[in-house]
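**Student:** So you can see what is in the structure, the chains are spelled out below.
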Amino acid sequence: MRRRRSIVAVVAATALVTGLAACGGDDGDTDGTGDQSATKAEFNAGVGKVFNPSDAKGGTLRFANSGDWDSLDPGDTYYAYAWNFVRLYGRSLTMFKAAPGEEGATVVPDLAESLGTPSDDAKTWTYKLKSGIKFEDGTPVTSKDVKYAVERSLDKATFPNGPTYFNDFLDTQGYESPYKDTTPDKLGLKAIETPDDQTIIFKLVKPFSGFDYFAQMPSTIPVPRDKDTGTKYKEHVVSTGPYMFETNELGKRIVLTRNPNWDAASDPNRKALPDKIEVQLNVNSDDMDNRLLSGDLDVAIEGSGVGAAAQGRILADQALKANADSAEVARLWFTAMNSDVAPLDNIECRKAVEYAVDKTAYQRAYGGDIGGKIASNIMPPVIPGAESFNLYETPNNAGDVNKAKEHLTACGQPNGFSTNISYRAERPKEKATAEGLQQALAKVGIKLTLRPFPLADYTKLYAGKPDYAKANNLGLMVYGWGADWPDGFGFLSQIVDSRVIRATGGNTNLAVKDPKVDALVDKAMSETDKAAREKAWVEVDKATMEGAWYVPGIWSNGLLYRPKNLTNVFITNGFQMYDYLAMGTTNK
Amino acid sequence: MSAPLEVPGAAEQSQPEAVVDAGGVPVAGRSLGQIAWLRLKRDRVAMGGGVVVLFLIAVAIFAPLIVAWLGHPPNEFHQDQIDPNLQTASGKWGGIDSEFLLGVEPVNGRDLFSRMVYGSRISLLVAFLSTLLSVVIGTVVGVVSGFFGGWIDTLLSRLMDLFLAFPLLVFALAIGAVIPDKAFGLAGDALRIVLMIVVIGFFSWPYIGRIIRGQTLSLREREFVDAAKSLGARSPYILFRELLPNLVAPILVYSTLLIPTNILFEAALSFLNVGVRPPTATWGGMLSEATRFYQIAPGFMLVPGLAIFVTVMAFNLFGDGLRDALDPRGR
Chain Z
1 MRRRRSIVAV VAATALVTGL AACGGDDGDT DGTGDQSATK AEFNAGVGKV
51 FNPSDAKGGT LRFANSGDWD SLDPGDTYYA YAWNFVRLYG RSLTMFKAAP
101 GEEGATVVPD LAESLGTPSD DAKTWTYKLK SGIKFEDGTP VTSKDVKYAV
151 ERSLDKATFP NGPTYFNDFL DTQGYESPYK DTTPDKLGLK AIETPDDQTI
201 IFKLVKPFSG FDYFAQMPST IPVPRDKDTG TKYKEHVVST GPYMFETNEL
251 GKRIVLTRNP NWDAASDPNR KALPDKIEVQ LNVNSDDMDN RLLSGDLDVA
301 IEGSGVGAAA QGRILADQAL KANADSAEVA RLWFTAMNSD VAPLDNIECR
351 KAVEYAVDKT AYQRAYGGDI GGKIASNIMP PVIPGAESFN LYETPNNAGD
401 VNKAKEHLTA CGQPNGFSTN ISYRAERPKE KATAEGLQQA LAKVGIKLTL
451 RPFPLADYTK LYAGKPDYAK ANNLGLMVYG WGADWPDGFG FLSQIVDSRV
501 IRATGGNTNL AVKDPKVDAL VDKAMSETDK AAREKAWVEV DKATMEGAWY
551 VPGIWSNGLL YRPKNLTNVF ITNGFQMYDY LAMGTTNK
Chain Y
1001 MSAPLEVPGA AEQSQPEAVV DAGGVPVAGR SLGQIAWLRL KRDRVAMGGG
1051 VVVLFLIAVA IFAPLIVAWL GHPPNEFHQD QIDPNLQTAS GKWGGIDSEF
1101 LLGVEPVNGR DLFSRMVYGS RISLLVAFLS TLLSVVIGTV VGVVSGFFGG
1151 WIDTLLSRLM DLFLAFPLLV FALAIGAVIP DKAFGLAGDA LRIVLMIVVI
1201 GFFSWPYIGR IIRGQTLSLR EREFVDAAKS LGARSPYILF RELLPNLVAP
1251 ILVYSTLLIP TNILFEAALS FLNVGVRPPT ATWGGMLSEA TRFYQIAPGF
1301 MLVPGLAIFV TVMAFNLFGD GLRDALDPRG R
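Listed in order, the protein sequences are those of chains Z and Y. Just so you know, my numbering puts 78 at position 78 of the first sequence, and the rest follows in order with no gaps. Throughout, my numbering is defined as the position within the second sequence, counted from one, plus 1000.
Chain Y extracted, bound-state conformation (with noise of 0.2 angstroms):
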């Protein structure tokens, strides 16, 4: 894509968006990012991942609105509403009326409703932030190694090779355990929150790092990078503004199919309970309380597993649609 050589009559061929047929009243060019648009646009699947995504976002941004207008603050115990024998909701369906749109959790009667919404808090905060830190780290390192090549190249490749071996589940369960309370400054959630992100993000760039490393080493050889070359543009020059340009679409598309990726893992953390510490809500850890009760409750398993399922299902089919519309020659 975005061969700088325009050839009348291949962009017809390979892109046929690209070419506007205005009854012969020349019209200008539609851009890349204008193609691309249209051809998401036409994705339905990609879209309606796309609207879950932003809704999801919104949700995230306005839970206590949200919480205030249809639910209790979420840590709030309600035991009138449990079964003082058998621990579970006395009502019908976990608990489910108008009052508790999602029924309360066994035992202290929370509102699971409300612990959803702030679920989604933490989730998509720890994948976004992570995600970033990995893809800057990833991209940052894949460039550099691709393009000056030679001892860097090797040395950066091995360095990928390692963090790729690391155990990373382990590690993060073993840092998570001896963390104490207070560190570098931060406290509670807050510092458990930043570590998270930390493990998950700078654990999981090598992957990236690799595919931009390749797509670099396939533009480094183009046309166009030798012409700049050979006008005398520095190394900067080129890395800025001939290769990260063409490098903007292979990291959208491995962004969005890495949150995915981190929303599991950081619920795995807090399903081992070594994510966020209780009372703060988190999808993991409700699954995690939900276990001893899967029999007597479902429905507390179903709610958190569900909003996990959602969240990762819209962001892989927006992350598939994603790359489809970027590079339909890779479909």
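Excised from the complex, chain Z in its bound form (with noise of 0.2 angstroms):
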């Protein structure tokens, strides 16, 4: 998922990814069965583990972001550290279970009963509501409720931040929202069908087999329509998870307090151990790093990792290290490359460029070994089913000028030609990582000019902008993508795609076009087989490798710190960050 921060965050944020996967994720603690905890302090306790377990309730845990949210409303996010915290107020038809490691990414039931029921052609999911649940003033929770938040979430012109998954599979029939909705109930939309209070039947235009990672996406938490106030409604979400609002100051702080309608027994995922859960709001994220080593802040919320100097200070001094993790996570960085513009249009080139590429420098600038692992392909690892291989094989990953050099004159250009390239100008890692294409590149006379861009708009209005990015030659684009759940689809779909891209611009798929890529993601699609499936979207990462659109760079690691208050720890691979859902402090 896009992992979009407000300017001040990005210099700290993006500045934290790091840790030392080597250490971590792998080292067979993660086997999924989460019964396993720790509780002596040493690196990479919260990995694959529960660290410091505890059922102690009580306190108030803080947390800080550099930024602000996209939108606290559930039916307008699309951080993954947005989505880890809605849980806290908000309950979906499934979610991600709250446990470490691999067992954080399995979807369980939340609202539902169970996981949904699909009908053979898996284009029909049917879901049964859990009874007695309720709103926070004490409204029982109908399956229409959820049919509404999930009609409104189609609503982009009003919630532009969301994903646009259940636009694309939805059989809208044209349906566009609920406010220009004219029956009278507003629940007009035919594709979900909400036969008794209940249940709820959700009709697709194609079959999917994933819909369970739908179903746990933040939109279907549900909305009651007369509390909707439309863009407003993020001032006071009505919540139907443990915790509520007390205080909402947009921009500043919220506080959650305990919800008195939440009922632990319908709820066997959550522990909900504060009392209350605080949220500062754009904090300078050197600060924030330096009350996280002093204790006077539970969590980074954003969960990518502390900056550059607290990541100097951390693995330089044991006794601070002892309290890091590091994350493997399902995240690439990576660059663009724009077949809009010429000479990139040709095949040669782009394969010139992938040979050019000095892939240390690229890892450099992301914080070294601990920022990450230099990516040969664009799936991380980290994702079920992912290989690993490397079409564009460079010594030492430093770059080939011979071979780069061939692909030039095969493309016509042996000496090189001039592009722009384009990164966001507030991430200082986007930058570091430009002026090393520059300087490899350079190399084999390919010229790039440095364009930043506000990263507010970068794919708004700039390099997610077709005819923008084509006007301003914007060969090159500095990107990255973080998996919005950790499977091939959740990866892949929303950046290789070409039938994602939208001439009116917002795109993440910056530069993949080729029908044969796009017709294996249909194949990958609608393979039922789990396994079958796995392969098929490796195919689909081989062909865009093949095509030589993306310039993978790094898959990312983030080094985390967790105070020593801090109760019930561990990274859970379906955010790749802290689970706060299970999280308690010792601070009273």
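In case anyone wonders, no lab produced these hints; they're calculated from the structure. These numbers come from a predicted model, not from an experiment. Idealized CB from N, CA, C, for every residue including glycine. Check the hints yourself; a few may be wrong.
Under the rule of at most 25 angstroms between Cα atoms (straight-line distance), these lysine-lysine pairs were calculated in the BS3-like manner [as the list claims (entries may be wrong)]: (1) Z:190 x Z:156; (2) Z:535 x Z:516; (3) Y:1182 x Z:460; (4) Z:190 x Z:130; (5) Z:252 x Z:588; (6) Y:1182 x Z:470; (7) Z:252 x Z:232; (8) Z:271 x Z:128; (9) Z:447 x Y:1182; (10) Y:1092 x Z:321; (11) Z:123 x Z:530; (12) Z:232 x Z:186.
Among the chain Z residues that face chain Y by a calculated CB cut under 8 angstroms, a handful are [to be verified]: (13) 307; (14) 308; (15) 360; (16) 431.
Okay, the calculated bits of chain Z under chain Y, using three or more residues with CB under 8 angstroms as the criterion [what the hints assert, rightly or not]: (17) 313-325; (18) 365-375; (19) 420-429; (20) 434-440; (21) 445-456.
Using the hints, put the two chains back together into the complex; each one sits in its own frame.
**Tutor:** Here's what the structure looks like:
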């Protein structure tokens, strides 16, 4: 998922992406049993197992965010950390289990009694709601509230931030928004049926076997229609989870307090240990790191790891390092090659770039060895079924001038060419990446001019807007992508399928326009056998690399710090950061 | 100063350097310029500032030679100098050694010495040219406004007020953010340098304009202007031959004092990332990057910070000395 961050956040947040993959996730602790735990503070004690387990309730859990939410409205959010956090105040049909490691990436029923029941062709999905679930004001939750929530999330004019999976997969028949709905109960969407208050049926336009992943998205968190205020709903979201909003000062501070109408008996997934949860917004990220290290703060909510300065301090001090975890995350930092810009329309020129890139510089830009592993293909190895392969091998990953020149000659540009490279101005790591690429490509005569753009509009107005990118000769575009959820579809579909590219901008697929890849995506999507599906996604990955659309840079790691007072700390593969649902504190 | 009527004795009192005691042998009196130079030479602090200024100009002009001799290309990566885990120089003191005189930048290992030397070019170029621009505009407007008076004066004075009230930094930020990569037949860094010069120069002329207007107002009423008028001199003659030479001193002094202000302004713009684009080295840009690393690589922040400090200080000291030399009564 897009990890958009506010400008302030960026400096620190991106700087934090670090961690020791080799020492981390693969150490055999991740066998998914989840009942393992650790109480001794050591490096990576929160990876694959629960660190400092406890059932003690009470206290205030203190979060801070270097930026702000895209929106607190469950129908309008697309940050990984927001999806992690929203489970505290909202219950969707299904959810990622609050469990360490791989188990945290499994989908379990939440509002629903069980996972969805598909029809034989996987085009109709039925869920039964648990009974006795109430909103914070005591009104019972019905399937109509869930339907209404999904309906309003379809309205991208009102809620532009969230994912578009329901828009693309539901048989909407042109339905746009409940705000334009003429039916009296505003439930005119035919793709969702609610035969009774406990049953909800989704009808899709194409078969999709992974619908339970859709059902865990925050847009299925019920919204009471009489409390819906459109874009203002984010100021007071009506809670169904263990916590509800006590204070919500937009852009400053959020305080959650216990929801008296939440029934622990209906909810085996949530421990709900702290009495209060406090989030400070727009906090300087270096300041945040310092407060984490001094214990004045519990969690940096974005979960992308500490900044460069804090990383240096933590790694140099064994006592600090013992309280840190390195999470291997399903995120790739890469550079896209734009075939709208000559001569990159020629595959040979794109291959020349693949060979010319010095990936060690790419890795340095992201914090060296602990920032992540050098990526040889697109799908991060942490995703189940992913395979690593390298179609453009160069000695020591440092680039191969001769091979690059061969391909340049084949492309008809033996002396190289000039183009622009775009990156997000507020992200020092992307700037370092662009400068590194400029250095490496200059060796084969490819001259890059750096073009920074504001982070907030990078996909909306610049790199992600095809006509702008073309007119401004953005041949190379530095970008990054994290999985919406850890499987091939959740990682690849939004960045390789050419049919998701919209001329109006806001694209996350910046480059790949390949019918062969599209066909393979369709094949993978309709494959119902898990093993065969995982293989099919690897084929998609291979086809994209064969087309040389992306220069994969780094499979990211994050260096996370856990202050001593935290209990039940673990990294979940569902979000690739600490799980916020299980966490408690010994601070009173 | 420069009263055309030579009153014996008066000059001796106010400007003792003007009278040369050569043992009764009559000698030609010294010109104003010579007198000022004598005074300036005696002011050690100002001379020190002047020497540093000349040195910095030389460094900026000969940057490629200096870097070829003592450093590395300013944008070249030296990642072998960087500790792969800590992101900072693997050597001591930020990687200072015989090869990297001021150490290396964290993460990519660029030579800080080379970047500092190259950074001086942008700083001085922008500062000098923008100062020149504002001095030219300011002098013209100031003289015209002061000399002609009446509605012209009112109009131009209000215009100056308008420009003084203009939120320059906000404007510069906005324009720096929206300017395309190519415009006015220029592209890339050249465009952005010209833009900075124009923005800074065009909005700082009222300061000097007001001073010149005030000076012109007082000069206009002096006897030598009346004399020229009564002899039938036309306005252009009076403006260029009578007034302007008397304005050289304030123009010089305020230029020298405007330059450091503009250096700071350029640094501020680069710091806020609206100056020239990376990887081109600027002092402000280096400072901005260094803020991320100040705890683990303080040297990175110190280098551009000291460069800005020394430059601004040198210009200010020199400017102060020059003012004292040209107008000792203003002391």
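**Student:** At least three residues with a C-beta closer than 8 angstroms to a C-beta of chain Y: is that true for the segment 365-375 of chain Z?
**Tutor:** holds (count 5)
**Student:** With 8 angstroms as the cut and Cβ atoms as the points, is residue 360 of chain Z at the interface with chain Y?
**Tutor:** 7 angstroms, holds
**Student:** Verify this for me: three or more residues of the segment 420-429 of chain Z with a beta carbon less than 8 angstroms from a beta carbon of chain Y.
**Tutor:** holds (count 3)
**Student:** For a C-alpha distance cap of 25 angstroms, please report whether residue 271 of chain Z and residue 128 of chain Z respect it.
**Tutor:** 23 angstroms, holds
**Student:** Is it true that the CA of residue 447 of chain Z sits at most 25 angstroms from the CA of residue 1182 of chain Y?
**Tutor:** The given pair, whose Cα atoms are some 17 angstroms apart, holds under the 25 angstroms limit.
**Student:** Given residue 308 of chain Z was flagged as interface, is its beta-carbon under 8 angstroms from a beta-carbon of chain Y?
**Tutor:** 5 angstroms, holds
**Student:** Can you tell me if the segment 445-456 of chain Z counts as covered by chain Y, using C-beta to C-beta distances under 8 angstroms and a minimum of three residues?
**Tutor:** Since 5 is at least three, the answer is holds.
**Student:** Please verify whether residue 252 of chain Z and residue 588 of chain Z have alpha carbons no more than 25 angstroms apart.
**Tutor:** Holds, at roughly 23 angstroms.
**Student:** Below or equal to 25 angstroms on CA atoms is what counts here, so check residue 252 of chain Z against residue 232 of chain Z.
**Tutor:** 16 angstroms, holds
**Student:** Closer than 8 angstroms between Cβ atoms is the bar; does residue 307 of chain Z clear it against chain Y? Give me holds or violated.
**Tutor:** With Cβ-Cβ at 7 angstroms, under 8 angstroms, it holds.
**Student:** With chain Y as the partner, please determine if residue 431 of chain Z meets the hint condition of a C-beta pair closer than 8 angstroms.
**Tutor:** 6 angstroms, holds
**Student:** Between residue 1182 of chain Y and residue 470 of chain Z, does the CA-CA distance stay at or below 25 angstroms?
**Tutor:** Holds: residue 1182 of chain Y and residue 470 of chain Z sit about 15 angstroms apart, inside 25 angstroms.
Violated hints for the displayed structure: none, as all numbered hints are satisfied.
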